[in-house]
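**Q** Chain residues, written in single-letter form:
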Amino acid sequence: MTASVTAGGKPRSAIPVLRVGDTLLVTVQIELHDAVADAFQEDLLVTIEKTGARGLIIDITGLDMVDSYVARVLADTGRMARLMGTDTVLVGMRPEVAATLVRMGYGMEGVRTALNVDEGLGLLHTLQG
Amino acid sequence: MTTQVMAQRELQIRCEDDIVLVRQAVRVMAQQLGFDAFATAAVTTAASELARNVWTHAGGGSALLEEIRLAGRRGVRMHFRDQGPGIADLGRALAGGFSTARSLGLGLSGSKRLVDEFNVESTVGKGTVVVVAKWARFSSTTG
Amino acid sequence: MAVDYMSLLKLDERELAQRRAFFEITDEDLARVAKLRDFAARHGDAIVDDLYQLILGHADSRAFFADETMVRRVKSMQKQYFLGLFAGNCDLRYVQDRLRVGASHERIGLEPKWYLGAYGRYLRLLLDRLFTDFPAAEAQAAFRSLSKLVAFDTALAMDTYIAANLDTVARHQAAIRELSTPVIRVYDRVLLLPLVGTVDTHRAQQIMETLLLRTVEDQAKAIIVDIAGVPVVDTKVADHLLKTTAAVRMLGAVTIITGISAQVARTMVQLGVDLSSIETRARLADGIELALAKVGRVIAVKA
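Residue numbers (the working numbering), protein chains in the order written: chain A, 46 to 174; chain B, 145 to 287; chain C, 1210 to 1512.
To be clear, the hints were calculated from the coordinates, so they are not data collected in a lab. Every residue gets a Cβ at the ideal spot worked out from N, C-alpha and C, and that includes glycine. Take the hints with a grain of salt, since some may be wrong.
Label-pair restraints from in silico Cβ distances [unchecked claim]: (1) B:T147 to C:H1411: 18 to 26 angstroms; (2) A:L128 to C:D1213: 56 to 64 angstroms; (3) A:R124 to C:S1216: 48 to 56 angstroms; (4) C:A1272 to B:A239: 26 to 34 angstroms; (5) B:T147 to C:G1481: 37 to 45 angstroms; (6) A:E76 to C:A1384: 30 to 38 angstroms; (7) C:E1426 to B:M150: 30 to 38 angstroms; (8) C:D1221 to A:E76: 54 to 62 angstroms; (9) B:R153 to C:T1235: 28 to 36 angstroms; (10) B:A239 to C:G1438: 28 to 36 angstroms.
Partial pick of chain B residues on the chain A-facing surface, computed with a CB cut under 10 angstroms [claimed, not checked]: (11) I163; (12) S192; (13) R196; (14) W199; (15) R213; (16) G216.
Please build the complete structure, drawing on both the sequences and the hints.
**A** Okay, here's the thing in structure tokens:
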């Protein structure tokens, strides 16, 4: 499996997007400030447009807090990607993050999820079968 | 017995990045008080929601963070103050699914569900004060 | 394991100053009691003996003291405690010393009523002897100073008692929590939580947190929650189940609810609870079969 950093200008969000075959993999490791979250979304969509990737995996193992703003950016990104023909899987959500979102009344409905990157790749494979 | 304030810190919310500073300060405070991962995530998220409310609805304000103690229990209390337009229909704002700005409308109702104590006072044209508290769960002190 | 009550009660210089101010203990008080050291030495043994006549004279309080050796030991401790009152210091070391006394009584399970009763006797014993040994005005002033210190000590003893009990409650709660959410690994990446008993908000939260932690720990793909042992399944319980399912789903796993009886099914529909987003089964066996299918396994009849 080869991975390469996607070409196409400097990503404004400074969150690297890796391309593995026709799947994009992003690992969010820094806290998503509001402005960074917006830039992150835009970067991803532009990369999808340029690469024609069919799958997108967003790994949020590194996030110990996801508030409603970030949750919406993540869910919206998935919906936008879908419009462009790309399936999105959100992977690695932490237990405390899931519990907090649910208590707030937010269930990330319509967003595909998997336990880890491997599972996410498997799920994309099934979807695109 | 009355609630004792052991330490306090005031932060101004003047730009979007200040929201991050507020939640980072709350996270550190919660961890120092021995909050577990779930309680830390809950109080940090509530801080983020309420700080963002101050920013998006009023264009700025302040967050007063307090380390509190009552009958041997420790907790975090946060006061979010702004001089914004105020909330005309508090009942509706607290019921959720209602927002006059961006985000999910989960700001007030969502953070209310994450904390142990929640109080909001709002006067149209004058501003809003939201005070919330979250207590550390009873956890064994000796291991 | 010794509990550090000083830090548990956050007894630092600031707290000490606050307490001293509230109990109105002044430097004059401390100087006054320090001058009574001879008095204390004179009466110490008699007062301690008298105090233990009270404690040992009642079957319930006597029960805390196993034998003569123990009585001798606590009496000598009590004497030290008594002399400590006249040390003329009310600093952190004094507090630490006082807390030790409180903690040792708490350890043997002596209840507050025995403490308070004994403290009352203390004051009366002191009062009588002060008025015998000194002129009235002097005795009164001395008694006022001593009673402040005794009240200060009583508060410390009570605080120790309460803190120790909260600590015990915390341990019990942790133990009960573990007992009440026994998550069983049925197969690789398949977990089972048999729920027994009432599910209130507090417990529901515990269940959710335990399940989420275990899901990530075991990288479980399917989690079976069997509710056959839950006596009442109402809208509140259903709401908790829906929330837990939603949270587990966000992690990337599936929840299967089993043990749904005909009665529960009827109630859910009549209450208008929509459980259609959850995979449900009447029998646990069917739930296990469904869960195994999620990890690519089947239960087959042996050929």
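**Q** Would you mind marking each hint as holding or not holding in the structure?
**A** Right, here's what the structure says about each hint:
Remark: the range hint 18 to 26 angstroms for T147 (chain B) to H1411 (chain C) is upheld by a beta-carbon distance near 22 angstroms. At about 59 angstroms, the CB distance of L128 (chain A) to D1213 (chain C) agrees with the hint of 56 to 64 angstroms. Between R124 (chain A) and S1216 (chain C) the Cβ separation comes to about 51 angstroms, which falls inside the hinted range of 48 to 56 angstroms. Against the hinted window of 26 to 34 angstroms, the Cβ-Cβ separation of A1272 (chain C) and A239 (chain B) comes to about 57 angstroms, which falls outside the hint.
Remark: the range hint 37 to 45 angstroms for T147 (chain B) to G1481 (chain C) is upheld by a beta-carbon distance near 41 angstroms. Under the hint 30 to 38 angstroms, the C-beta atoms of E76 (chain A) and A1384 (chain C), about 36 angstroms apart, fit the expected range. Judged by the Cβ atoms, the range 30 to 38 angstroms given for E1426 (chain C) and M150 (chain B) holds: they are separated by roughly 35 angstroms. A hinted range of 54 to 62 angstroms for the beta carbons of D1221 (chain C) and E76 (chain A) is inconsistent with their spacing of about 34 angstroms.
Between R153 (chain B) and T1235 (chain C) the Cβ separation comes to about 34 angstroms, which falls inside the hinted range of 28 to 36 angstroms. Between A239 (chain B) and G1438 (chain C) the CB atoms are about 35 angstroms apart, so this pair conforms to the stated range of 28 to 36 angstroms. Interface hint status for I163 (chain B): upheld, as the beta-carbon distance to the closest one in chain A is roughly 7 angstroms, under 10 angstroms. The restraint placing S192 (chain B) at the interface with chain A holds, with a minimum CB-CB distance near 4 angstroms, inside the 10 angstroms limit.
With a least beta-carbon distance of about 6 angstroms to chain A, the hint placing R196 (chain B) at the interface is held under the 10 angstroms criterion. With 10 angstroms as the threshold, the beta carbon of W199 (chain B) comes within range of chain A, its nearest partner Cβ sitting at about 9 angstroms, so the hint holds. For R213 (chain B), the interface hint is violated, since its Cβ never comes within 10 angstroms of a Cβ in chain A; the closest pair sits about 24 angstroms apart. The beta carbon of G216 (chain B) comes no nearer than 25 angstroms to any beta carbon in chain A, farther than 10 angstroms, and the hint placing it at the interface is violated.
Checked against the numbered hints given earlier, the structure breaks hints 4, 8, 15 and 16 and satisfies all the rest.
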